[in-house]
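Peer 1: Chain order of the listed sequences is A and B. All residue numbers for the first sequence refer to the numbering used here, where the first residue is 1 and numbers rise by one. All residue numbers for the second sequence refer to the numbering used here, where the first residue is 1 and numbers rise by one.
Treat the hints loosely; a few may be bogus.
[Stated by the list, open to error] Computed footprint of chain A on chain B, listed as stretches where at least three residues anywhere in the stretch have a Cβ under 8 Å from a Cβ of chain A:
1) 123 to 134
2) 424 to 437
3) 473 to 487
For the record, the hints were derived by calculation from the structure and aren't laboratory data. Being a predicted model, the structure only gives us computed values, none of them experimental. Think of the CB as a built atom: it goes at the ideal place given N, C-alpha and C, for glycine as much as any other residue.
Residues per chain are reported as follows:
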Amino acid sequence: MSYFIDRRPNARNKSAVNRQRFLQRYRSHIKRAVEESVNRRSITDMERGEKVSIPAKDISEPSFEHGPGGRRTVVSPGNREFAEGDRLRRPSGGGGQGSGEGQAGNQGEGVDEFVFSLSREEFLDFVFDGLELPHLERKQLQVLEETRPVRAGISKEGVPARINIVRSMREAQARRIGMRAPLKRALREAQEALDAEERKDPVLRNPARVSELKSEIERLEKRIEAIPFLDTYDLRYNHLTHQPMPSNQAVMFCIMDVSGSMTQAHKDIGKRFFLLLYLFLERNYEKVELVFVRHHTVAKEVDEEEFFYSRETGGTIVSSALTLVDSIIEARYAPEQWNLYVAQASDGDNWDDDSSTCLELLDESLMRKLQYFTYVEITPHAHQALWEAYDSVRAAYPERFAMQQIVQAEDIYPVFRELFRQRAKG
Amino acid sequence: MTRREPIATGSDWNFEALEAYEHAIGALAREYRLDTYPNQIEIITSEQMMDAYASVGMPIGYHHWSFGKQFLSVEQAYRRGQMGLAYELVINSDPCIAYLMEENSLMMQVLVIAHACYGHNSFFKGNYLFRAWTDASAIVDYLVFARKYVAKCEERHGVEAVEQLLDACHALQNYGVDRYKRPSPVSAEEEVRRQDEREAYLQTQVNRLWSTIPAPVSGLVQPPSHDFENDPLGLHRHDRYPSEPQENLLYFLEKNAPLLEPWQREIVRIVRKLAQYFYPQRQTQVMNEGWATFWHYTLMNRLYDDGLIDEGIMLEFLQSHTSVVSQPGFDSPYFNGINPYALGFAMFSDIQRICQSPSDEDREWFPDIAGSDWLETLHFAMQNFKDESFIQQFLSPKVIRDLKLFSLVDDDRDDSLQIEAIHDDRGYRRIREALSVQYALSAREPNIQVWEADIRGDRSLTLRHVQDRRRPLGQSLFPVMRHLHQLWGFPIKLESMEEGEVVRRYQWPIPESNRESA
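The shape of chain B in the complex, shown without the other chains (with noise of 0.2 Å):
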């Protein structure tokens, strides 16, 4: 391999410099079939990462005060230096934006173009959730629509009216997703064109659901089975609705919620859409930073091959890359968790090298890919897993050996915590099993579907919370209901359930045992 000269040295940057990288990051990503939407690269400000922070990235948004808060959150931090800005935001979107922050010095930027333009763009565009979730072409004109619309609320309804819907909106905005039915991606061309349709269409629907109820009788509980002494017609035999559980909360309250208004459905539906946009990237955290993390090292590392960069720039990146993926230990003062970009990037690694170099041990526990074409498994790895996924598939003895990982249980039957399992042989697959789940969604969030409405009683909504590993639900659960009843109008009722059996119930409004009596 010939040695070329580099095409810019120091840590100054210039568009000249930065445009010559970008092409010969490109070229090498094209080597590695690394496929990408086109890439539009912003240069901003300090200031003006600060504002792309405050709205999680989105290059527009409505407006709501959670974003102010964000953003005041994030200056504090900075001003009080305990927070660098991240070098890096990136936007799942066709074209791909991509902010490299004028500060950064030239190795900053080139490893920004590497890990964000090719390592994230290609994730977004070859990853199966990405694909089936989002449609990256639609997302910044529909953030455009959703931004018009809500301010058009506002002016017609008051800033305050809108902020109340959209708080409760966002309490709920995890649950507005259908797990296992295939979405519809976001389209603003649509949502415009349809939008004055299904506003009417929307309000029939439910006018026509609601219309069949009876004046709801206070205090008079339905008898579950059918009583034919008192009922020999079967007025008030019904089957339970909806009939099926719903786990998409959003998507039931826009739909059935009997009070709302046509412009506050079309609220709710801005932020389950907008949830489901982000639905992808809550479950792909460490696979999606350790695909782009190992993708920068390998480019970074053949721009230096190849005579691009020099030792200067190289020696930077060495010492930002190795902060980066580092993990400290649980006990140390440094320690928040597992660090995404070291466990990804741990495991992608791992990956190449299972394929490259196998040993006996991993023959044995990766028999499809040891000795594979490592591109080949490289690439299938990213495109059809999701962390739970790809941990459970892919995370080797080796990786768990270098971390050091253990799993520890605590169980609140118990008056001390036990070590289940370390890095051995008997621990690999139990701590395998345990970090897949603890990435899994369903694990991380509380499964709650919505159970029944009472459209012939007092019209409540009834919720079930199946507990996991008999978890109770947080303190946070009664502003959730508020915000929930605030969007039924009727009163919300929550069962948490454990193995079949209600174990504990909660109202909102809280009823007055006195009234319940009288």
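Just chain A, same shape as in the assembly (with noise of 0.2 Å):
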């Protein structure tokens, strides 16, 4: 006897859990090559998984076996020119005595490594792991638009689309029986009277009282019937406040110098860095918006193709691209709606005396309004004044200002991480 099942429709991922215990297990592993592996990189690159591979013998799963030496035969197939008692030189390396081993390893030959794929979201899981947005806060919004209608209970005023039928019945219910009750009482007492002058004699009976009292329990029957099933005073309705709904989205401020002094390099270790900040803050906010902002004496807003590729020359005044910045946020990101974050990238240039500028820029204005403000330096040379500038921000605003030297690409990743690494509470 036999029968066909069609299985096709169940779930898949029977393995899932499997495999979670699995990069679990071997985290460390994980995370060392995708570090490698982000580092070599390019940057539109980051939005895919990525092949790892780990050394076969730290995840062997150990048994009891034979290892090389002492006397083996071997029988294998495909003899040609062999005739008994002929001598063979042992081939070099010392192996190839696998084949009588039973099923050897049928995956493939010689793995030395063992090879697999992590999805992108298990990359990028990879890649952020242990890191933090510094100061991620829910900014309150204060307009109206803004606030999203919350349950609060129940009111005796309200239209009719939001009646609260339940409610409304058990009041009409609760209200029928407190007003019946006393008609009710009335009633009966009036038909107990009846009752007792009819069982009377009919000599003794006294028929003004029973006309009275019939019309009596007529009117209260009337009066009991009259009572509403539903009144106004029933009605209950649901009631709605409106409560500010937290924001959950960032603005990514980039701002570059694109002076003579920064060449393409030093742009494409920059944009790295950029991505690498806005995949991080992708993860963290439903909507981050992006806005670039090159400069070299003049600040200029520009589109993400024209602020990585196009070239300019010129001096650099960094405070130019600040104020700007500052005037971005007055019109359009009020801090009390946007996460603001601020990434900057440059060789370190500027202007001799600007750098006392963007301190008094930052420190009076722009640092209240920012979550982060990170600065990265492409430069193997001497810091200039704008760093020494920018070092007295870092002491004001430690939780909220960073910055690193960057020499080379290799450095990004680690800087990133050194940037953004999960800070010890309290």
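Can you join these two chains into the complex? Each is in its own frame, and there are hints to help.
Peer 2: Below you can see the structure in the form of structure tokens.
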């Protein structure tokens, strides 16, 4: 007897738990591999999974087995020229006897690395593992449109659309019971009196009393009847209040120096840094907007393409960019509504007396509005005035301001991790 | 014979065609007296096939990272196109569960039905090892029980603790079988019923064994012979425990490890029972695949002869069959050991030939079966042997010649390799002997047994490894000893024996000589 079952509609991913267990167990290995690959990858490449390889010996499942040595006999097929008693040189490398050992690995040949793929999500999880956004705050919105209605109990007034039927009916029933009770009691008394009167001997009966009682009963029944089933007083409405919604949106300002001293290589490094930050923000906020500001002696808001690839020459005035950012915030991104992040990349050059202006700007205006300001200086050379100025900002806002120096592309990821690593609470 | 119309043609399959073919194959199989469990044939997608693969074909199993590793490697190989998924997977259960992959062509589905649902299925039901070691009707229930139990332990004791324990048990799972004792087959019902009882009982047993221990005297080794001068009452005289060497390491640990909690003993038992379930499969690879291949070949040919499949399907089948039973030579880049399908198919086909048209050579080599009823003989061979004895009994000179088998001796005392035997009159018996040994579990896996548990001294556990032809243990020895140490809780010693002499000693944890002397 046989029967067929179509299992195709059944759940896939039966192995999901085991897969997760594996990833968990080899976390440190995978993390190392992911970090290497982040440094290797180009930026446009971050949005895909990754092939990870782990040394096979690290994940082997040991069991007792024969080692090399001793005497062994191996039977193999396909003899062509051997005759009994022939002697052969032992192949170098010592191995070569694997064939006799039952089902020695059918997965492939000489696998020293265990290779598998991570999905994009898993990959990014590992990339940002152990990082946190400094001062991740849910900003409150005061503006009315950004509220959302929340149930807030029951009220006696409201629009018919929000009528709460159960509660209204309950009220109505209570009212009906309450209003009928005295009438019913009076009715019962009248009925009993009438019954008593009628049980009397016809001679002793008082006809006037009987008709009086009868009309009384009739009147009471009418009044009971007249009690409304549902009255306006009974109606109850669901009450909604408007609660301001916590904002889950962020805007990221990318500021880059595009003066002559910034080469394309510098910009690429900057771009990678911005991209990492963007991916990171995107994982933490529902909505992330990007604003690109580039500057030499004057700052300008541009689109992404222009930001990364157009070249300008001239000197550098960093404060121009900061001023522009400040005015953009003023105009479009109210700090109560948006989580504001600024990432700046520069080679550290600045007009001589501009650095103090930057310091002033940051200290007096910008830093109060921002969640976090990160500055990376892409230079192998000694720091200049700008670094000094920023250093004093860092001293003033140690929680909100971070800066690091990047010399070459490989430094980006470690620097990024350093800037955003989880800080111990308290 | 009247030729009928083919049931279906082309490469697309549908359920009606599959049912009709299954019916036809079933009727033919009865003609050949193939006794099977009922078939439960499940159509699955390739992704589901990967899942099934990763759990070694078990329809359900407990969670463990090693299955995840298995899944990832299957997935990777499949994605890279290095590996086609095997087109069949069949489970020794009653009903016998076989998987057909959705992507397979009609021919492939019919082939798998013949191969798995009638070939493997009848092997599971007929072969003595499977009959003795597995209970097909209980395995699925037992797997469900095991999964639930392990999940419960994870909830109570944490995933990590359970994982550690399973790692240790898995390292020893090839040593969880009594080879010479008749086992009791697994049964989920009974497991559940007796579980609590057993937990309590086991613990008292262990306590009784260990309660006789005096406080261990550190660094003092008991004199092996009785010393009348210092111990006139014979307080230190005792027999070795266990009195006989124990080959079932997991069983020994389950019953005797002093520090395991009852739930830990239960998990050791689960791994042991599942290892027992797979024990026959490890010993009948050649026979099992050979038997199934022989029958799919025979049944497909019958379908064609009866006109139930057309030339197109038959040609597709022959191409597939040829690649399944191909055996690349040892020097081919595709060589990956002896192909069990090729060897098994060649041997069963040759038994049929010996019965039907024996040559003089066959009469000399196989006087009992030459000219006998082939079906009878084939069933006898399938039922009563495992790879080792099957080869010993039935590997004929013709198969040795056809496969051009030769045997090579690699001796580390010799600086060159030697061809010991080839496919000629002087070599047949030696090749047969050597190939049989090659499939013997006892030669494939090191022979390691529990020798002594020092229940009066330092509680160390001593294992003895009897070397087979001077072959030492491989590098994975210490990781395994570490796992053993986790289970036992006290030092593990291992002695490698050669001709009754200890030739090597190992210990875990590795003793620090400084500490020893201090």
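Peer 1: For every hint, state whether the structure bears it out.
Peer 2: A quick look at each hint next to the structure:
1. Residues of the segment 123 to 134 of chain B with a Cβ under 8 Å from some Cβ of chain A number 0, which does not satisfy the need for three, so the listed coverage is violated.
2. Residues of the segment 424 to 437 of chain B with a Cβ under 8 Å from some Cβ of chain A number 7, which satisfies the need for three, so the listed coverage holds.
3. Residues of the segment 473 to 487 of chain B with a Cβ under 8 Å from some Cβ of chain A number 8, which satisfies the need for three, so the listed coverage holds.
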